[in-house]
Amino acid sequence: MLSKMLLGRYIPGSSVIHHLDPRAKIVCVVLFMIIVFFANHWTGYLLLILFVVSITKMAGLSLIFLFNGLKLILILLVFTFMMHLFFTKGGIVLIDATLFTIESAGVVQGVYITIRLAMLILITTVLTLTTSSVSLTDAIERLCRPLKTLRLPVHEIAMMMSISLRFIPTLMDETEKIIKAQSARGSTFMTGSLKSRMNALTPVFIPLFISAFKRAEELAVAMEVRGYQGEAGRTSYRVLDWQYKDTLAIITVIIFGVFLFMIRQ
Amino acid sequence: MIEFKNLTFKYRAADENALDHISLSLKQGQWTSVIGHNGSGKSTLVKILMGVLTSYEGEIVVGGETLTEENLLSLRKNFAIVFQNPDNQFVGSTVEDDVAFGLENNGVEREEMVERVEAALDTVNMLDFRTHEPSRLSGGQKQRVAIAGALVMNPDVLILDEATSMLDPKGKREVLESLKRIHGMKETTIIYITHDLAEIDISDYAVVMKDGQVISQGDVEDIYKDIDALESSRLVLPFTMAMSKALSDGSYMSYDELVARL
Ligand SMILES: Nc1ncnc2c1ncn2[C@@H]1O[C@H](COP(=O)(O)OP(=O)(O)O)[C@@H](O)[C@H]1O
Ligand SMILES: [Mg+2]
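Line by line, the protein sequences give chains A and B.
The first sequence: position 85 = 85 (the numbering used here), numbered continuously.
The second sequence: position 9 = 9 (the numbering used here), numbered continuously.
Watch out, some of these pointers could steer you wrong.
Stated by the list, open to error - Here are the simulated lysine-lysine pairs, DSS-like style, with alpha carbons at most 25 Å apart:
id	chain 1	residue 1	chain 2	residue 2
1	A	214	A	195
2	A	214	B	172
3	A	148	A	177
4	A	214	B	47
5	A	214	A	177
6	B	225	B	245
7	A	177	B	225
8	B	186	B	172
9	A	57	A	214
10	B	170	A	177
11	B	47	B	10
12	A	214	B	225
13	B	77	B	180
No lab work stands behind these hints, which were simulated from the structure alone.
This structure is a prediction, so every number in the text was calculated from the model and none was measured.
Please build the complete structure, drawing on both the sequences and the hints.
Next up, the structure:
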């Protein structure tokens with residue numbers, strides 16, 4: 001189950017989206033995060049969905065694959081939907097039970113907010129799936145370079161991010177292994193009260209932490225012997241090459257945003 | 001030529017010396033196996049050589065120059081090391097990025113980097129995987145990428161610290177084949193650390209360690225003949241060796257002799 005998680009993974013490919021400059025992709029995603037809030041009725045939301053679906057297609061990723069990999073996050077979406085369903089009031093009363101009422105505004109709002117959140121998650125997933133963590137952090141580092149004048153350790157932060165992302169799949173695999181081993185010994189994570197489940201998880205987290213520290217230590221030694229001494233004097237294997245198509249991508253997103261803004265009601 | 005002279009080292013947290021008066025000299029271009037039980041001090045020895053651990057007693061001489069804090073960084077450039085667990089030594093998120101890491105740190109120009117990365121990946125037969133994610137490779141492939149990352153630095157000495165111990169037989173074979181090719185191609189000095197006696201066959205020279213001390217060293221044949229030392233070393237004797245011991249009066253028989261006898 002965990003190995004199917006898409007968080008922090010990169011899927012090599014040669015799609016248009018893969019080949020965009022990572023800086024352009026980050027800027028587009030940030031713009032999209034703003035644009036998402038322009039939609040305020042069903043046409044807007046429909047367009048958002050269409051936009052994200054076509055980007056997913058352009059990236060050569062299948063939606064089923066994405067949904068399978070984001071199952072855990074689905075819980076978050078359902079939760080959001082429920083919150084609105086029960087707590088947003090207005091419109092026609094649809095269900096009037098003694099304990100709660102569901103009103104039409106709650107349903108509408110629930111659907112809209114859930115779409116918004118889902119589209120944000122999808123678009124960022126497409127970003128991380130089509131961009132290797134090195135390119136991603138490279139891009140963040142370069143986009144944030146102006147912050148260096150404020151004495152922010154931009155390179156170090158970028159390096160930390162890149163390594164954390166790199167280790168997510170490894171630690172996921174490890175978690176899965178430990179869970180299996182503990183289940184084989186009779187631990188139960190899936191049954192019992194919340195407290196007993198929590199207790200059952202302790203023998204998972206402790207070995208996981210120990211191994212994570214051991215890995216970190218080994219990695220630090222490996223980096224040191226390979227000559228890493230921070231940013232000074234480093235060159236970069238990756239060259240970021242801003243092209244015409246990268247500017248075009250940003251313009252497309254802006255146009256989409258402007259359009260969405262104009263059809264607001 | 002690498003010489004360890006009377007090297008003694010103690011971890012701050014430990015009561016006993018991890019290395020106890022080690023004296024060794026390793027010749028240029030030689031394939032040396034260092035063998036010893038778990039905790040015998042093999043990793044400590046190479047970590048000192050790499051400058052990861054300092055504050056030892058004794059002396060290390062590399063190519064006539066005594067290792068000091070001042071020349072540590074420049075001497076370290078002659079060495080490259082591959083560790084046991086391939087998952088804990090990758091920095092890059094694709095194979096080629098990872099292989100380039102050491103070059104980036106040394107400020108190598110991009111054009112040169114591209115060539116050297118390609119050559120190194122080619123040597124270990126991993127060129128087709130250059131854009132792959134390291135975490136999705138097999139164990140043997142991962143270690144070959146790690147070796148490429150070491151090789152790309154053009155080291156005089158390539159150290160492998162139990163680099164094959166987590167691999168299945170196939171992965172082990174792949175890695176050993178790459179190593180043989182590298183050893184043959186550039187006469188790279190190889191220090192091959194292992195706890196598996198069966199793996200020292202290919203080496204020119206072998207060093208047996210036990211509890212922080214060197215208890216035997218010499219050509220592989222000599223090591224095999226020194227059955228007493230091997231028995232006391234807490235290592236698992238290979239099947240042929242156990243057989244030959246059982247069949248004879250405790251002296252060593254070569255594989256052929258053993259077959260003839262049987
Ligand atoms: N970081 C450390 N702190 C304290 N003791 C250590 C540390 N690392 C290793 N040791 C001890 O030093 C000895 C030699 O360890 P090591 O060189 O790793 O052995 P080997 O590589 O041959 O298995 C062992 O007794 C081990 O427990
Ligand atoms: Mg060791």
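Violated hints, by number in ascending order, as checked against the structure
Checked against the structure, the hints that fail are numbers 1, 3, 7, 9 and 12, while the rest are satisfied.
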